[in-house]
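Based on the provided sequences and hints, a complete structural model is requested.
Under the numbering used here, the first residue of the sequence shown is numbered 118, with each subsequent residue one higher.
Keep in mind the hints are simulated off the structure, nothing from the lab.
Note that CB positions come from ideal geometry on N, CA and C, so glycine has one too.
One or more hints might be untrue.
Said to hold, decoys possible - Simulated restraints on C-beta separations:
id : residue 1 : residue 2 : range
1  : Asp132    : Ala214    : 16 to 22 Å
2  : Pro151    : Ile276    : 21 to 27 Å
3  : Ser135    : Pro337    : 38 to 44 Å
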Amino acid sequence: MTIWTCATCAIEHPDTPSPPETCAICSDERQYVPVGGQRWITRDELEAQGMRIDVTQLETDLHGVTTRPRLGIGQRALLLRTTGGNLLFEPPGFIDAQGVETVRVLGGVSAIASSHPHLTGSSIQWSHAFGRVPVYVSRQDRAWTRRPDDVITYWSDRIEILPGVTMVEVGGHFAGSSLVHWQAGAEGQGALLTGDTIAIGADRKSVNVMRSYVNNIPLPARAVRRIMDHAASLPFERLYGAFGELHQDAHTIVQRSLARYIAWLSDDVGDRAVLAALDQSQSSSRG
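So this is what it looks like as structure tokens:
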């Protein structure tokens with residue numbers, strides 16, 4: 118039988134004679150089904166197209182793992198190395214022998230996790246390639262598991278996956294959306310691995326949180342505040358998201374950005390800010 122991968126989100130589905138009719142991940146309001154309809158791909162097809170795994174060092178003991186060309190959502194996975202084993206965070210939706218060997222040279226994989234269901238990729242295939250290591254999934258997001266397997270470990274609230282590597286459930290994008298705090302990151306100042314739980318702004322000076330990024334659905338203030346409070350309790354200088362990083366002052370940037378988000382969710386604060394900007398623009402025009 119064949120392991121089917123959704124071409125839009127690159128999440129693996131069970132090995133069955135024929136592909137599912139729909140991808141529940143992409144049919145949800147947080148994702149999308151392309152205009153052309155649901156499409157499925159296989160590992161063999163991707164290999165025939167020249168798909169490969171690329172690994173790049175980001176800092177000491179942290180590597181980015183991506184596909185070339187880009188596949189599905191296109192997140193950058195992270196391979197976090199520790200003396201107690203390695204974490205593969207948000208694995209890509211593709212795996213091949215060369216990619217496995219490259220990761221093996223870096224110490225292999227001891228555990229796999231993702232910030233939320235959109236970025237689970239081919240977690241089960243990666244787990245099996247490294248001796249069926251545990252795949253950590255928030256219990257709150259259990260219903261979104263597309264390929265059930267006995268390697269999955271469901272957890273809630275907070276869990277230390279490896280020494281000095283703690284996963285914290287903060288909600289937001291999904292009920293079980295999580296952050297990974299790496300105590301030794303950024304030369305001991307701490308680093309946060311966020312996936313899309315906290316997304317980095319294009320200006321690299323801000324962050325954002327959303328129910329849906331692609332469909333522009335915001336989060337309520339209470340959800341933003343919860344993420345903000347959890348992040349405030351964690352010491353970190355750097356932040357690594359699904360598509361980039363903040364090299365310094367990440368803790369301050371997260372707090373400032375999310376406080377601004379909450380302010381703009383208030384009609385009173387938002388209206389005053391808009392009116393002030395309009396007044397300034399009109400004054401400049403008259404001048």
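For each hint, the structure was consulted:
no.	hint	in the structure
1	Asp132 x Ala214: 16 to 22 Å	19 Å, holds
2	Pro151 x Ile276: 21 to 27 Å	36 Å, violated
3	Ser135 x Pro337: 38 to 44 Å	40 Å, holds
Going down the numbered hints, you'll see the structure goes against just number 2.
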